[in-house]
Structures are given as C-alpha cells and as structure tokens.
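Colleague: Using the sequences provided together with the hints, build the complete structure.
So the protein sequences, as listed, match chains F and S.
Heads up: the first sequence begins at 1 in full-length UniProt numbering, then just goes up one per residue.
Heads up: the second sequence begins at 1 in full-length UniProt numbering, then just goes up one per residue.
Calculated from the structure, these hints are not laboratory results.
No experiment lies behind these values; they were computed from the predicted model shown.
A portion of the hints provided could be inaccurate.
[Said to hold, decoys possible] Each pair of labels, with its calculated beta carbon distance range:
1. S:Ser159 <-> F:Ala128: 52 to 58 angstroms
2. S:Pro80 <-> F:Glu308: 17 to 23 angstroms
3. F:Ala128 <-> S:Ala60: 45 to 51 angstroms
4. S:Glu116 <-> F:Leu227: 32 to 38 angstroms
5. S:Pro80 <-> F:Ala176: 51 to 57 angstroms
6. S:Glu116 <-> F:Leu28: 41 to 47 angstroms
7. S:Glu116 <-> F:Arg22: 40 to 46 angstroms
8. F:Ala176 <-> S:Pro63: 44 to 50 angstroms
9. F:Leu227 <-> S:Ala19: 35 to 41 angstroms
10. S:Glu108 <-> F:Val304: 38 to 44 angstroms
11. S:Pro29 <-> F:Ala168: 29 to 35 angstroms
12. F:Phe44 <-> S:Ala100: 54 to 60 angstroms
13. S:Pro80 <-> F:Leu227: 16 to 22 angstroms
14. S:Pro63 <-> F:Arg22: 45 to 51 angstroms
[Said to hold, decoys possible] Keeping only pairs whose Cα atoms sit at most 30 angstroms apart, straight-line, the calculated DSS-like set for lysine-lysine is:
15. F:Lys228 <-> F:Lys130
16. F:Lys228 <-> S:Lys93
17. S:Lys99 <-> F:Lys167
[Claimed, not checked] Which residues of chain F face chain S? A few of them, derived with a C-beta cut under 8 angstroms, are:
18. Ser214
19. Leu215
20. Asp221
21. Gly223
Glycine residues also receive a C-beta, built at the ideal position from the N, C-alpha and C atoms.
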Amino acid sequence: MNAGARMKAGARMSAGPRRRDRLRRLLLPAVPFGWLLVFFGLPFLIVLKISLSDPATALPPYTPVLNWDGGVAAWSDFLAALDFENYRTLIADPLYLAAATTSLGVALAATVLLVLVGYPIAYGMARAPKGLQPLLVALMVIPFWTSFLIRIYAWIAILKGDGLLNKALLALGLIARPVEILNTLPAILIGVVYAYLPFMVLPLYAVLERLDRSLIEAARDLGASRLKAFLTVTLPLSAPGLVAGALLCFIPIIGEFIVPDLLGGPDTLMLGRVLWSEFFSNRDWPLAAAVAMLMLVIVAGPVVFFREAEARRLEGPP
Amino acid sequence: MTKRFGTVPAVEAVSLDLAAGEIFCLLGPSGCGKSTLLRMLAGFEAPSAGRILLDGRDLAGVPPHRRPVNMMFQSYALFPHMSVAGNIAYGLKQEGLAKAEIAARTAEMLRLVQLEGLAARRPDRLSGGQRQRVALARALAKRPRVLLLDEPLGALDRSLREATQAELREIQRRLGTTFVVVTHDPGEAMVLADRIGVMDRGRLVQVGSAATLYERPATRYVAGLLGDVNLIEGRLGPGGAGQARILDTPLGPLTGTDHHGAGEAGASAVLALRPERLRLAPGSEGEGDGESLPATLLDATYLGDRILYRARAADGRVLRATAPAGTAPLAPGEAVRLGVPPEAAALVPA
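Modeller: Given below as structure tokens:
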C-alpha cells in the first residue's frame, strides 16, 4: 500500500468522528440559544403582543386573541386589532413618565451609593489574610439564607419614627426629635443599597482578589503615591468588576417592587409598583405589558453602553 | 542592616557597599533573603535595624515612590491596561514632566530596547522576551541611580537568556547605571556581574568577583555553588589566613591555601579542589611537585571541550578531574595519580 492510499484510508476512518465533531460544534451553542429562545424570546414576543392589545373583561383579559384555526382572514383581523394605544397612554399620562424618572433616579443613585459602600468592603476583603477570605465571602452571602421579604420588612422596625435608628440618634444627641425616614426616598435608597450590596461586593472582590500586588508595587516604585497608584492601576483594572456589579444592581433596581412597596410608602411612584398595580389592581394587562416594555428600554440603555465600553477597552488603541 | 519577619531573621546583619556603575549580583537559593534585601533597597520592606545610604543620604523611611531607585520585577508587573509606550511613560508622568519630554524619553527607551515598532501594543500581545524589554525600559526610563532587577531573566527560556544577558550588560555599560541583580543561577551571576554577593540563610557570606569566588571561596557553600568541586574534609594544621596550611585528611596530609581564615589549628576544615586544577597523570609514581593522590580511573566522559574523569581514591571516595580534549585519553581501570597544586586548593571551614 502506498502512502496516498494509506492517507485515504485514514481519512475515511476519521470521517465519522469528524462529522460528530461538527454536530457537537453546532449543538453546543444551541443549548444557550435554545434556552434564550424559549425563556426570553417567546415570552418577550408574548408581552410585546399583549402591550399592543386592548384590555377586555374576559379570559385572557385582553383582545384580540388569535384564532389559530381561522386561516389568513383570522390573521389579518388579528393584526389589524393591534395598535400602540397603550404606549400613547404611557406618554400622555405624566404618572408613567414620573415613575420611570423616579425609578431611573433611584437606580442611578443607589448604584453610585453601592459603589461607594461596596468598593471599600471588596477592597478590604481582597486585602484580608488569605485564610480569612472564604469566611468573609460566606459572611457576605449569609443574609441570603433569610427571605428577601423578611429582611426588607425588618428595616421598617429600624427606620420607623420610634424605630432603632431614631432611638440611637436621639440617644447620641444628634437629633432633638425623631426624623421621618420611613416612607421617604432615603428609606428606599437605604433598603436598596442594603439588599443589593452583595451583588456589588462579590464581582468587585473577585476582580480585586486576582489583582497582582506587584502591579501596585511597580506603580509605587515608578513614583506614584498610594492614592495615585490606586487611581491609575487598581481602579482601572477593577473596572470589569465595577461594571458587572453596577449592572447586577442597576437592572433589578429599576424594576424593584418590594423595597419601594415596604419602605417607600404609598406615595412613591416607581415602575415596579406601577406595573404591579396596573397588572393586579386594574387588571389592565396590555398597559402593564407596555410598562414592562418601557422598563426593558430603560435597562437596555446602560447595558448596551457598558458592553460597548468593555469592547473598546478590550480592543485597546489601534 | 537586618530584617526580621516576626522573630525570624530574613536578612541578618548584612553590610554591603555598592560601587557606582557596577553590576552587582546577589546570588543564593530561594529563601536566602536576597529578594528581601532587594525589596528593602526599593522601599517595600523597612529594615528592622540598620541604614541604607545613597550618596550619603539615608533612604530608610523614604517611601518607594520618592527613592531614586527603580525596580524590574520578576513577573515584570507590566500594567495590562496600558500600551508599551504607556507603561514606559508611567514613571515619567508621575514626575510631572512636560508631554514633549515624556514622548522623547519614551521614544529613547523604546530605541534602547529595540521595541520601536511596538509602542502601541498591549503587554498581553507581546512575547516573553519583549515583555522583559518593556519592563527594563520602564524601570530605566526614570534614569534611576540604582536599578534593582529581581531575577530579570528567570522567565525566559534558555536560548533567549544568553542573548539577553549580553544585551543587559551592553545596556548597563552604555548608561552607566548601577545594577543590583538578584538571581539564583550561578552561571547567570558569573556572566552578568562585576561583583557577586553570595547569600546563604540571610547572611552575606562572600562578596567578590566571579574569579575570586571561584578560586578563593570563603565557605564550603560558596565553593559548591559556582561550578564543580571536590571537597575533602580533614583537620587543619598550624598557620593562618593568607598562608599555605596542611590539612590532615583521610587521604593523607594535603597542602592548600587558606585565603580567608579557615580556622584554628586542629579545627576541622575542607579542601576545595576544582576538577580542572587536578593534574591527572598515568601510572603510580608521583610527580614530586606538591602532593599527589593515587587513584583508579572509574570512567571517562567526553564533553567536547574537555574530558571528565571520575577516579576512586585510596579511601574509596570518588574524585572528579578534567583534562583538555585532545590529550591522550586514559582507559577506565588504569591507575593514575592526581596532583594537587597547593595554590589551587582552597581551605574553607567545614
């Protein structure tokens, strides 16, 4: 047998495994894409469709509902019945715009506060003795063992007029009479910062813990003060953790319902609460769906922005 | 100076004078305190006792960013979020130099390490050798009085290392900066250094040129560190530092030179003999010049430039001797005599 024939035989033998390889290359990405399609793509289309429908006293509480057996005529009737009326309501009624603005403001302010509170904690954890760090991470996560609802509920006892915080401030002589914190915007901020702190601290810790200490020493050696070394080396290199933490906090805070509901009092308008009341109190599913779409747009903005920034950072200068 | 971590001394009573413009190598095994010594010079560790004087100014207590000393890190510690030029310019920016000055100095450094075309590259797109050059350029950009290099060639592979050694010397000659190099590789220290300081368990055991350390080791450890050596232990005869003294060994009395004071008469000491200094002669008759030891050849290994012989001495120990290639080879089993020239045999404390 000459070399060519041997090679052909070899090729034939490897054809089977190669085909299986190609199949695997196609199947592996199909898993996350399939997941996204079933649990994000389809629900998104359904919500989008509901947002274009009209409310109805029926089951389901909106029209039109597609008659699957009706053929082309049913489809054209169905599509003709869809309109943007709910979105017009969102724009026309200042309530929704106000709710969106408050949500956005609270989410931005809370994210800034979370960075200010979370960064020193993550930094301290990353600089703690190696043996102590698993314990510190565990302590950060332990609050999750209690229900979110209960933990936020507990803040009522701390923040209310004769609550722990006011009592402590009175005892210290810092205030003459109790201040009203509960049912205000600051109460929401306190609750949100408390609730989302681990989501800020853990990604930051993961980045800072891996940071090569000799990089900071190199900066110091090259003439940077401690502060300068932090600003020029530690901070930029922890940007991925900062972005991850900020997105992990910002996105859910936009739609946060429990914290404003429990700590914000009846007058605080945030998208989560508006959505809830449209959906459950008014049973206006189409309008609620439109609010949900509005929320999606607000959230998508920063996500796209940070992704672009991250891509630019990775590419580096030309 | 001394440095203790807790009660453990990492660097013990080290006293060292650097000459301006020299390459000084700190040589020793890992954990001998050489890196700690370097970090004290850089300012990352504070000495527990003692002073660091540079041009008469005490640096102890001066923070790292105010010392006219720069360091090249073993891991290079290049800033991954900055380009090659950004890395090199970093130290200059901290000095607050004008933009044009920074650009000029950065370009000059890039030229020095021959990386002109890679100024905009990120460190993670560079090869190991290129990264090493960037680290060197970055540390040199500030024109330090003293450059500290922690295992500067440790991360390079062997073929690259030799070329880089020559280059490092060349750059140092051109700039005239004092280099302090930490290394665990005796060969590297011998190639690079004007003077070598051997460290062992926190102490500086000997300082000298490669030739001094090789030919006149002060301790058994130094003798074994640089190159191959035969060690024969015994009891010292009378005499003192700088004299030829008799060592009473199991192979009979042998004369060696006591360079640094090997000990009192009667103390145990070691005779260090380089294989290439043993005079190998066939037959069982002595040469008459100094002592010679009868031995039986075990084997011969041809090494290209020389032949390495292993021979069994009278008490059963194996001694190594080399002869230049081209001399008539001796056959294993042959009876030989190993001549010990007293001036080539160094006496060191046991």
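Colleague: Indicate, hint by hint, whether the structure satisfies it.
Modeller: Structure-based check of all given hints:
The hinted range of 52 to 58 angstroms is not satisfied by serine 159 of chain S and alanine 128 of chain F, whose Cβ atoms lie roughly 43 angstroms apart. In this structure the supplied range 17 to 23 angstroms holds for proline 80 of chain S paired with glutamate 308 of chain F, their Cβ-Cβ distance being about 20 angstroms. Restraint check, alanine 128 of chain F to alanine 60 of chain S: a C-beta distance of roughly 29 angstroms breaks the suggested window 45 to 51 angstroms. In this structure, glutamate 116 of chain S and leucine 227 of chain F meet the distance hint of 32 to 38 angstroms, their C-beta atoms being roughly 34 angstroms apart.
A hinted range of 51 to 57 angstroms for the beta carbons of proline 80 of chain S and alanine 176 of chain F is consistent with their spacing of about 54 angstroms. Between glutamate 116 of chain S and leucine 28 of chain F the beta carbon distance is about 44 angstroms. The supplied range of 41 to 47 angstroms therefore holds. About 45 angstroms separates the C-beta atoms of glutamate 116 of chain S and arginine 22 of chain F, a value consistent with the hinted range of 40 to 46 angstroms. Here the CB-CB span from alanine 176 of chain F to proline 63 of chain S is close to 47 angstroms, well matched to the stated 44 to 50 angstroms.
Taken as a hint, the range 35 to 41 angstroms holds for the pair leucine 227 of chain F and alanine 19 of chain S, whose Cβ atoms sit roughly 37 angstroms apart. The hinted range of 38 to 44 angstroms is satisfied by glutamate 108 of chain S and valine 304 of chain F, whose Cβ atoms lie roughly 43 angstroms apart. Distance hint for proline 29 of chain S and alanine 168 of chain F: a CB-CB separation of about 58 angstroms, inconsistent with the stated range 29 to 35 angstroms. The hinted window of 54 to 60 angstroms between phenylalanine 44 of chain F and alanine 100 of chain S holds, with their beta carbons roughly 55 angstroms apart.
Proline 80 of chain S and leucine 227 of chain F have their C-beta atoms about 21 angstroms apart, which keeps the hinted 16 to 22 angstroms range intact. Our hint of 45 to 51 angstroms for proline 63 of chain S and arginine 22 of chain F is violated, since their Cβ atoms are close to 60 angstroms apart. For the given pair, lysine 228 of chain F sits about 25 angstroms from lysine 130 of chain F by alpha-carbon distance, which is consistent with the 30 angstroms threshold. Annotation: proposed proximity of lysine 228 of chain F to lysine 93 of chain S holds, straight-line Cα distance about 11 angstroms (limit 30 angstroms).
As the CA atoms of lysine 99 of chain S and lysine 167 of chain F are separated by approximately 57 angstroms, the hinted pair breaks the 30 angstroms bound. Interface restraint check for serine 214 of chain F: the shortest CB-CB distance to chain S comes to about 4 angstroms, inside 8 angstroms, so the restraint holds. At a threshold of 8 angstroms, the smallest CB-CB gap from leucine 215 of chain F to chain S is about 5 angstroms, leaving the interface hint in force. At a threshold of 8 angstroms, the smallest CB-CB gap from aspartate 221 of chain F to chain S is about 5 angstroms, leaving the interface hint in force.
The beta carbon of glycine 223 of chain F is positioned within 8 angstroms of a beta carbon in chain S (closest approach about 3 angstroms), and the interface hint is therefore held.
Violated hints, listed in ascending order, are 1, 3, 11, 14 and 17; each of the other numbered hints is respected by the structure.
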